[in-house]
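Keeping their order, the protein sequence lines are chains A and B. Reading the first sequence from the start, the letters are residues 7 to 460 in the numbering used here. Reading the second sequence from the start, the letters are residues 7 to 460 in the numbering used here.
Hints listed in this document are in silico derivations from the structure and should not be mistaken for laboratory results. Hints may contain errors.
For chains that are exact copies, the list does not tell them apart, and a pair is met inside one copy or across any two.
Okay, derived cross-link-like pairs now, DSSO-like style, lysine-lysine, Cα gap no bigger than 30 Å in a straight line [unchecked claim]: (1) 246 to 336; (2) 135 to 153; (3) 9 to 392; (4) 453 to 430; (5) 93 to 388; (6) 387 to 9; (7) 416 to 157.
2 protein chains.
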Amino acid sequence: MQKKKNIAIVGSGLVGSLLAIYLRKQGHGVTVFDRRPDVRTVEFSGRSINLAMSNRGWKALAEAGIEKEIRQLALPLDKRAMHVVDKPVYFQKYGNDGEAIYSISRGVLNRKMIDLAEEAGAVFRFEEKVWDVDMRSAQLFTGESEKSEWKEYQFDLVFGADGAFSRIRHKMQRQSRFNYSQHFIDVGYKELTIPANADGSHKLDNASFHIWPRGEFMLIAMPNLDGSFTCTLFLPFEGKVSFESLQTEEQADDFFERYFPDIKDEISNLKRDFFKNPTSAMVTIKCFPWSYYDKITLVGDSAHAIVPFYGQGMNAGFEDISVLYSKIEKYGDDWESIFEEYQNERKPNADAIAELSYRNFIEMSSKTADPSFLLRKKIEKKFTNKYPEKWIPLYSRVTFSDKSYSEALKIGDWQRQVMDEVMKMPNISEDWDQPEVEEKILELIQKKKPESIS
Amino acid sequence: MQKKKNIAIVGSGLVGSLLAIYLRKQGHGVTVFDRRPDVRTVEFSGRSINLAMSNRGWKALAEAGIEKEIRQLALPLDKRAMHVVDKPVYFQKYGNDGEAIYSISRGVLNRKMIDLAEEAGAVFRFEEKVWDVDMRSAQLFTGESEKSEWKEYQFDLVFGADGAFSRIRHKMQRQSRFNYSQHFIDVGYKELTIPANADGSHKLDNASFHIWPRGEFMLIAMPNLDGSFTCTLFLPFEGKVSFESLQTEEQADDFFERYFPDIKDEISNLKRDFFKNPTSAMVTIKCFPWSYYDKITLVGDSAHAIVPFYGQGMNAGFEDISVLYSKIEKYGDDWESIFEEYQNERKPNADAIAELSYRNFIEMSSKTADPSFLLRKKIEKKFTNKYPEKWIPLYSRVTFSDKSYSEALKIGDWQRQVMDEVMKMPNISEDWDQPEVEEKILELIQKKKPESIS
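Work out the full structure: start from the sequences and follow the hints.
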């Protein structure tokens, strides 16, 4: 058992709340600051993408002893439902039988986790804005505004769980030799809603992640417990078909009529919500170091914000807490070693999932409708079904395992090289089902594996 | 002639001062803010690397009508003097006859440029700290500290010339969709001095840029007008031979004795200065956009800080001002178009010189002593001497021309590919001087040129 510490967590989002539960179970004093109001008391913002909890997330929740409560809030999705223009909907299974991702509303989950953290004894200070941190002494300064009177708090440790635009990281960034990057993609997103049927049932299959891929843009929909779907439209900010080009209700209506005729009429208050809901940007943030001696460390988006196209943002943040927890078990009261090993182990994995998420942005919007890409997937699928121990698809490694993201990236790159060779085979589009394709793969994976893979 | 504007420049460094002169000559009201004291009234900081003015710098100074004054402060260096262990010093000419880079002390140059800007009518407000800028209204806020009472200034335009850790950019960075990165290299530097001989003459050849390459680290020396040399030691922060490993005067003394025996005794107060002078970090900073409508724009290091290994930091900053000037001539009072075209034209060039400078960091420290690298240079040199119109070396494109940095990078990459092929020729180290090598190069450059190169 560790010596009791007086610990501050800045940020009451998903990762901050989970960390609060962990640390309370270790017996520490925990105060959670958030500049925003308590999400349990306000309507959720209308700028969220539904979450997809997968293996890493569940593992961290189980370690905190709260998996069961959270399972009740989640709907399993075992496949993609592809809505391609002028074709019937078709389905792509995510993994093996019993493997699924779990759709959860961010608002619902966050409220529940704050409840659980409070039950565990964490103190929440909402609408209290942290403006500065003294990194050497772990003092926090809060107040109405940057220029108002500040209140001073003394802690033993401070965790920055305050998201992509973290104030704690912002302070660390002014140190010399702090590496940092923020890179926005040129695509924004907007939340829309498909309400439940009158009887509370879902209007679309509720065990599917629905995608309407349209090349440069796409619509997705994920089910909620109440029968509704949270939809997200991903669309370039500027250009021929873009948020900028949709300025009037008529233009928005025409856009949906043209590109999403099968679902347009199911979206509630389409024209109103399109202009009422904000258009949000997406950013990849990388930085290093994440820690300052035994005083400060960053967790979740504040350390590694990623674009949402692999559904791993929350999962990666929760896995940070799993890793911290394992280092606490290893090092006990030596917080400097805990933080040091945590950041060194997590950093390459955070970079890997950032890269994978960015690549999936390209893949989901453009390639999911590309015949050659679909053929690849079909060949891979057949092979992995026959030789599950020889070929775990990249998506499964990321989503249904807790092996490191960096290993997944490395093996994924190697698998892509193998498939590049396979796709060069003559008449592959006709003969993809023939035994020589399978033999070719077996031969190729025999020949060369990336380093450090057994 | 433009309509008179009331313009603020934040930062009285080299680029800020040059901009002040330009804008005063256009008739604008110019106020320059600097949080530090007037450099003319204080000793310079002991953390500078001497500057190497080259073609782009001179061009911008000429356009501002101050080239002649600055020439008097500069010493031409037409070659590198290589001090390799256990070999006599040897020389590498930089370019053709008459081509040279010019060594100038940063302090001497900055003082002179502030004098010239004041003579031109710019108002300098030293020790006045800018804490905030309202980007829409071009208001500046200054004060003793971030939390003190602030003074408010209303301007028409604000230029951020406040260096790598720019406060103005810092404010822009909080905008959504602002891309930003800062990346520190693991090598630091420290300034040292070789004083003049008793008669005021230089202790080393004063028309050379002196380099002591030692693989992972190196020492350089550049002459000053007063007979002294400003030396810079580049050394990893951590590792076997590093700043971290040199903790005592004895260790520092042993280090110089072992690696720089030929020059050690000429460095004044070596042991004292080594510990008195700060160890400085080097960073590459990239961001975009640089401008905010017709209100704000960034120039110099605040927009594109680079590592110093191509000697182009100041030159690139001065070239920003040249480009701004050309856009002012083109667009007159349309400041939004001036800023827009300025940033779009400069950004790829800033990225290119960042890349070239980073590569030279590798090249200068490790490759300048590598026989195969030197052989390449020798072959290139011979070829370019015979066919000067067919092969302008990369260094000359960057240093002795004002063609764009991005073109230089592209052609440089293509030349490297050509030389890679040449170096694969059998017995190249013996036969490098033979006609077939020349024929091979002619054949290769005939075959393929990068796009957009005539």
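Hints, verified against the model:
no.: 1; hint: 246 to 336; verdict: between (55 Å within a copy, 29 Å between copies)
no.: 2; hint: 135 to 153; verdict: both (12 Å within a copy, 16 Å between copies)
no.: 3; hint: 9 to 392; verdict: neither (52 Å within a copy, 76 Å between copies)
no.: 4; hint: 453 to 430; verdict: both (17 Å within a copy, 28 Å between copies)
no.: 5; hint: 93 to 388; verdict: within (23 Å within a copy, 65 Å between copies)
no.: 6; hint: 387 to 9; verdict: neither (51 Å within a copy, 68 Å between copies)
no.: 7; hint: 416 to 157; verdict: neither (48 Å within a copy, 55 Å between copies)
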